Amino acid sequence: FIILIETISLLIRPLALGVHLTANITAGHLLITIVSSATLNLIHTHITLGILSATLLLLLTLLELAVACIQAYVFVLLIILYLQENT
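With this note's numbering applied, the sequence shown corresponds to residues 65 to 151, in that order.
Treat the hints as calculated values from the structure; they're not laboratory data. Computed from a prediction, not measured in an experiment: that's the story for all the values here. Treat the hints with care, as some may be off.
[Claimed, not checked] Derived DEER-like restraints, expressed as beta-carbon distance ranges:
#1 Arg77 x Leu122: 35 to 45 Å
#2 Thr97 x Ile72: 34 to 44 Å
#3 Val140 x His108: 36 to 46 Å
#4 Ile98 x Ile72: 15 to 25 Å
#5 Tyr137 x Ala80: 16 to 26 Å
#6 Thr86 x Leu124: 27 to 37 Å
C-beta: ideal position from N, C-alpha, C; glycine also.
Please put together the full structure from these sequences, using the hints given.
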């Protein structure tokens, strides 16, 4: 019985990691999509707000790149730790 529980635990950990990383990536893309559509709408009506939202979009893109690098590092580190734990 304990072998079954341990096996399920070992299989669920990478799956949970994948779901977590997917949720983070999706949230970042959705935020960029929302801000970019707001930027396109504001550029035609209010130039100042459009420029501010475009600046926000640029900063969010840089933040998204930094988060992607950190997530890749964490993903590789956790996979290495999971593999070392099982050998």
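Requested in this report: Any hints from earlier that this structure breaks? Give me their numbers in increasing order, please.
Outcome: 4 and 6
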